[in-house]
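Q: Listed here are the chains, written in short residue letters.
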Amino acid sequence: MNKNIKFNRFISRYAIILVFFLLFLTMSFIAPNFLTVNNITNVLRQVSINGICAVGMTFVLLTGGIDLSVGSIIGVSSVFTALLMLKGFSPLAASLISLLIGTLIGFFNGTIISYIKMPPMIATMGTMTSLRGIAYLITGGTPVFGFNSSYSQLGQGHIGIIPIPVIILGITFAVGIIVLSKTRFSRYIYGVGGNEEVARLSGINVHRVKIIAYSISGFCSALAGLVMLGRVNSGQPRAGESYEMDVITAVVLGGVSLNGGVGKLSHVIYGMLIIGVLTNGMTMMAIDDYVQRVVKGIVLLLAVGFDCYIQNRQQAEVN
Amino acid sequence: MGTEANILEICDIYKQFGGINALNGIKLSIRENEIHAIVGENGAGKSTLIKLITGAITPTSGIIKFEGKEYGKMNPALALDMGITAIYQEFNLIPSMTVAENIFFGCEKMNKFFIDSEGMNEKTTEIFQAMGVDIDPKAQIQTLGIARQQLVEIAKAISKNVKFIIMDEPSAPLTEREIETLHKIVRQLKERHITIIYISHRLEEVFEICDRVSVFRDGCFISTKNVSDTNREQLITDMVGRKIGETYPERGGLKDEVILEVKSIVNQRLNDVSIQLRRGEILGLGGLVGAGRTELVRAIYGADRIFSGEIILHGSPVKIRKPIDALNNGIGLLPEDRKSQGLVMGMGVAGNITLAILKKLSGFFFLEFNKEKELCTKLAEDLSIKIINLESAVKNLSGGNQQKVVLAKILATKCNILIIDEPTRGIDVGAKQEIYKVMRKLADSGKSIIMISSEMSELIGMSDRIIVMCEGKITKEFYPPEYSQEAILNYASL
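So the protein sequences, as listed, match chains A and B.
Residue numbers for the first sequence, in this note's numbering: 772 to 1090.
Residue numbers for the second sequence, in this note's numbering: 171 to 664.
I should point out that these hints are in silico values taken from the structure, not numbers from a laboratory.
All values derive from a computational prediction rather than experimental measurement.
A virtual CB, placed ideally from N, CA and C, is assigned to each residue, including glycine.
With a straight-line cut-off of 30 angstroms between C-alpha atoms, the simulated BS3-like cross-links for lysine-lysine are: (1) B:Lys643 x B:Lys492; (2) B:Lys548 x A:Lys1035; (3) B:Lys330 x B:Lys239; (4) B:Lys529 x A:Lys1035; (5) B:Lys492 x A:Lys888; (6) A:Lys953 x B:Lys541; (7) B:Lys530 x A:Lys953; (8) A:Lys1035 x B:Lys543; (9) B:Lys489 x A:Lys888; (10) B:Lys360 x B:Lys197; (11) B:Lys308 x B:Lys282; (12) B:Lys330 x B:Lys243; (13) B:Lys360 x B:Lys239.
To list a few chain B residues with every Cβ distance to chain A over 12 angstroms, as calculated: (14) Met252; (15) Asp408; (16) Asp426; (17) Val428.
Take the sequences, apply the hints, and build the full model.
A: Below, the structure is given as structure tokens:
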């Protein structure tokens, strides 16, 4: 009995790493050209945009919330930066302004969710829809070209053999992991997500914690939008559409509970890589895009199903 | 009357929750068409008993006999079929639906394919007319007050032709006038040949409307008597009984330096409450569940709002609007329910202990883990918390150790005033003794404690002074020589 519980805990803790390596091995055998340095770098570059968002999403999910607006923030930050550069702003200034705007959007999400107590799913669905509309409005629905071509370095450049997006991804994860393990704020996040009432009674400003979490998510999404802009070298109003799906799947696959309070950002790396390897492998095998969607949807269901199953089991244990 | 047949018989029922006996071989007979009162202290087993009869829980062993037929266990559907229903303190009504929709919920009147709203409204009006009350069948439940919602529950029971209604403290949330209406309707139900179990904390109403009364204590059946053959004093004696007590540390004697003064606090649940707390004392708050004790300490701690009133600390008024204000003023709260209010169950022991003092344990940004570890290790030793390591999640600890972790969390704040709401609920005897010793040591070292306890012997054993509350008001203050369970209970259930 006790052994059983321990086994379950072990599984729920390390399952994701196991799944990743199994998937990686399988793909190495069945997908042509999968296991080449070139392709592995490619996978990392492909996951970088989602991965950067996943860091922010992890903060939000840990508080027990969800942020559907990440994809739209990518779009807005992408086109807005492009437009600012066309208006004569320097790439740096344009980027900083977009990062600030992304953070403010997150701040807005957090405020309406925490103070007005809107369900996070609906609140961020609202901002998601409006922001996408804004991205189309300010561009007239067409891509924005012709800005400083050096900006493409951000999405396409390398330092040594490592693509710049991957470096940005690495830094984002490193900072996120430190914040979520070494700082006072990490306890606030896990406390609020674990039990909001306990956190409140412990004198923690629950509103502030939630608002900061959504702001971080907004910042990360805007950063991902900048990488996206560099990658495609044009401000696409459609950029980041439906990315929230992959981001949420990656984070939940990484073992972060939808109920909040449980999960580690270091494991989200594996969640992100699973999605990346799966997408890349399927593409290498020339599997139809429609089929890929079906597979990804099933992966999300499995990840969430597993999370809910474990939660129920633990509830039953406690009672 | 004495020859009436028994409609319900309960024989030798045991019910265990996790090794603890909630019901201990109880027996109870309810006669057909009587109003049968059940009284007892908090934790006497009344709620468990109702749930057993309605099939919400199944007994560990024993037999329930309804109308002569034996059942090893009930289930909710079967109970409904047999015409048994319960009206709980939390109503089973859907707030957004209308009165009529609620009454016919699950057995809607149909008119070929569609719901016959008019028919349901008419039928509802008929039921209310028969009851002699005036409620609009089309009104939404959420627009009605508690008293009217209760009447809707009763109407719902009548519409289903029930023959057996269990009412769990129906008068508790009502005003005097509403209680009169309730009593009138309960008598009416009896005229309709419905048998009623009436659970109440108010002893007068037992004498006013009930035929017989059964007393429960600590999960045991004590007695059933005709109300005409007993009196208030007799009932209180039966409810209290003579219990084998725990041993408690010696009291600290009377103190005189007032450290905290609460003046005329009013909010939704508190009606002009004033208390004084003295340095180095353990002040016990006695009363029944729902008397406003928890509400009072939550108001002092800033967890609930107050409409008016003043809190005076060391002689000067302080504003406490949020828990953080209380903590900054050296007031700590150990809440009633450690699982939902005291601990983040998935978090480690250390994380929980330091949750309220993270600012003191960190620089601008980073936590100082060494400091944290040192502090937690010391507290864990002081309170002899049995843990494998400081990182293991508190959900894996026993109740007693969890309670000690909450206590450690409060002690970590170094507060001078500790509010402890139910210090030993659901923990084993050994841990209880340890917590009592720690509390007394804290008081002896000059800290002041407000303790809420629903365990009478604990309240009497630990308190240097006892204040009794009832219905959001303070009804009596006791000093040790005057302590007695009878006296306290008398003031707790006016």
